[in-house]
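In order, the protein sequences belong to chains A and B. Here the first sequence is numbered in the working numbering, starting from 835 and rising by one per residue. Here the second sequence is numbered in the working numbering, starting from -5 and rising by one per residue.
The hints are simulated quantities; they were obtained by calculation from the structure and are not laboratory data. Heads up, some of the hints might be wrong.
Derived contacts from chain A toward chain B, CB cut-off under 10 angstroms, selection only [what the hints assert, rightly or not]:
1) A882
2) C884
3) A903
4) A1281
Predicted model only: the values in this text are computed from it and were never measured. Glycine included, C-beta positions come from ideal geometry on N, C-alpha and C.
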Amino acid sequence: MFSKVLVANRGEIALRVMRACKELGIPTVAIHSEADEDSLHVKFADEAVCVGPAHGGLSYLDVKAIISACEVTGAEALHPGYGFLAENADFAEMCRAHDVTFIGPTAEMMRALGDKAQAREIMSRSGVPVIPGSDGLVEDVEEAAEIAETLGYPVMIKASAGGGGKGMRPASDLEELKTGFQMARTEAEAAFGNADVYLEKIILGPRHIEFQVLGDSHGNVVHLGERDCSIQRRHQKLIEESPSPGVGPQLREAMGEAAVRGTKGAGYLSAGTVEFLLDSGGNFYFMEMNTRIQVEHPVTELVTGVDLVKEQIGIAAGERIQVEQDKLGLRGHAIECRINAEDPERDFAPCPGTVTEFYVPGGPGIRVDTHVYSGYVIPPHYDSMIAKLLAYGNTREEAISRMRRALEEFVIVGVATTIPFHSAMMDDPEFVSGRFDTGSLERKKKAREELVGAV
Amino acid sequence: MNRRKIEELIRLVEESDVSELTVAGLFGSVRIVKGSTAAAPATVPTQQVSVTAPAPTQSEDSGEAEISAEDRDSGLVPIVSPMVGTFYAAPSPDAAVFVRQGDHVSKGQVVCIVEAMKLMNEIESEVSGTVVRVAVENAAPVEFGQALFMVEPD
Chain A
835 MFSKVLVANR
845 GEIALRVMRA
855 CKELGIPTVA
865 IHSEADEDSL
875 HVKFADEAVC
885 VGPAHGGLSY
895 LDVKAIISAC
905 EVTGAEALHP
915 GYGFLAENAD
925 FAEMCRAHDV
935 TFIGPTAEMM
945 RALGDKAQAR
955 EIMSRSGVPV
965 IPGSDGLVED
975 VEEAAEIAET
985 LGYPVMIKAS
995 AGGGGKGMRP
1005 ASDLEELKTG
1015 FQMARTEAEA
1025 AFGNADVYLE
1035 KIILGPRHIE
1045 FQVLGDSHGN
1055 VVHLGERDCS
1065 IQRRHQKLIE
1075 ESPSPGVGPQ
1085 LREAMGEAAV
1095 RGTKGAGYLS
1105 AGTVEFLLDS
1115 GGNFYFMEMN
1125 TRIQVEHPVT
1135 ELVTGVDLVK
1145 EQIGIAAGER
1155 IQVEQDKLGL
1165 RGHAIECRIN
1175 AEDPERDFAP
1185 CPGTVTEFYV
1195 PGGPGIRVDT
1205 HVYSGYVIPP
1215 HYDSMIAKLL
1225 AYGNTREEAI
1235 SRMRRALEEF
1245 VIVGVATTIP
1255 FHSAMMDDPE
1265 FVSGRFDTGS
1275 LERKKKAREE
1285 LVGAV
Chain B
-5 MNRRKIEELI
5 RLVEESDVSE
15 LTVAGLFGSV
25 RIVKGSTAAA
35 PATVPTQQVS
45 VTAPAPTQSE
55 DSGEAEISAE
65 DRDSGLVPIV
75 SPMVGTFYAA
85 PSPDAAVFVR
95 QGDHVSKGQV
105 VCIVEAMKLM
115 NEIESEVSGT
125 VVRVAVENAA
135 PVEFGQALFM
145 VEPD
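Build out the structure end to end from the sequences listed, making use of the hints.
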């Protein structure tokens, strides 16, 4: 096992990784920017290194500073968390070149699966159904028009170097395709430094169902069931749950097997997530694969009892996955609400500032992953998520009732948060019924706007 | 350990009944002694702070660094490390040090090396003035923003 792990991230995920290290008896090193000197992850670590000024690009994204921090502290391994450098293949390679074990997949795996068009191909070859779309990259608008004709509108023009809901442009007819195609390429170049695009049919009213997988260096691959992440705003997840109200045992088995096949086909190791779209007819299609631990991983941890971060660390140290597929089952129901320092009344505008009072809910079935504490100053330089609130119950109803109760208990004074939004969702008939899809939130928003307009 | 933290610790000691406080971290330790300047044994790397006595008394060869509580008031400017790495006072192990206590430095003058990932980075002074003290031990690890030298500007 590793003698020391450097956590190349901040906030709640840095804390999360450090907790796993602590349980495994591994000393930890925190890195931080000047803005994060008083951050909880710095206080919890055994050692801390300041790597740069507040701006993320000069600190948490500074490859040289981070590798240098590994050198001066003697860190044997590095966990990248999520975001920042977690899916940066060059960084993974540099770690390897400097004898630092990167806790995650290899650079080659990241490149293959990070290229969305290539990932589709890898999955397709493994017999995983993919969203009907172009056979690889689309070079020009004429080719795009031909393909769109065959697929049927509406279609989505997607950046191959994109992902996570970014770099996508819809076209509902030929006119929109003609104007949108070049714009999509320009946007992709600006955002990802790569103008390559491909085409996908837009699946109407789908659920976003993702499968957690684990792969080790001994060829074992398991899936740990699904998470339903359909409640999204502008393609950013707000609420996730497991199991999905839209997935029954047979579908779970079929999708899980497909996820494992695809993961094996990619030769993947460490923790990963295979994302599918599930249409109203019960057909599922591969969308993309995330080669990192995800924000919503605790949802799976609660319904399976597996510590995903400890598994990641073990896998990186050459150990076998600790769980067997036939012993893995989903028990009970877990829901996660992402609490952001944003004002739902002002279109979710970010609200950095000082949290003067912070009381975290507790009691049965409640888990809170947060880096915030009373007196903490939320810096404006980073993302606005301040806590993940999870509720576990024997049934979905119990999980919802616990979440409702926990949201009422959660006290955050000093900044606006999305707690009221989540409370409203726990009472929302569509959410409670379990019959929702990725368009649900947008439709609610439109309905509300129309109502206000009519008054 | 940065200046702000050291100042906080000095204030803590001043305001309490504590006569001596030592805080150790990766980048050195700080020992604060109330009363006279205590001659501490040379431990590596150690910064000794005396709350009452103003004048530095360590010899430049001992490698000991000192940041006086009056630095803040006397207008001393730190030369800080722009990166994470290892501090070297000289261009090579057998060469003379770039600067020693008491030397005058000009803006743009190379004052030390910080090695990061096997690359030797020459660190230039951003200020012209006199080096009042060397704040880091040779071959010690340094972090971004850490004070390397304290300079009295011209």
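Verification of the supplied hints:
no. : hint  : verdict
1   : A882  : holds (7 angstroms)
2   : C884  : holds (4 angstroms)
3   : A903  : holds (5 angstroms)
4   : A1281 : violated (50 angstroms)
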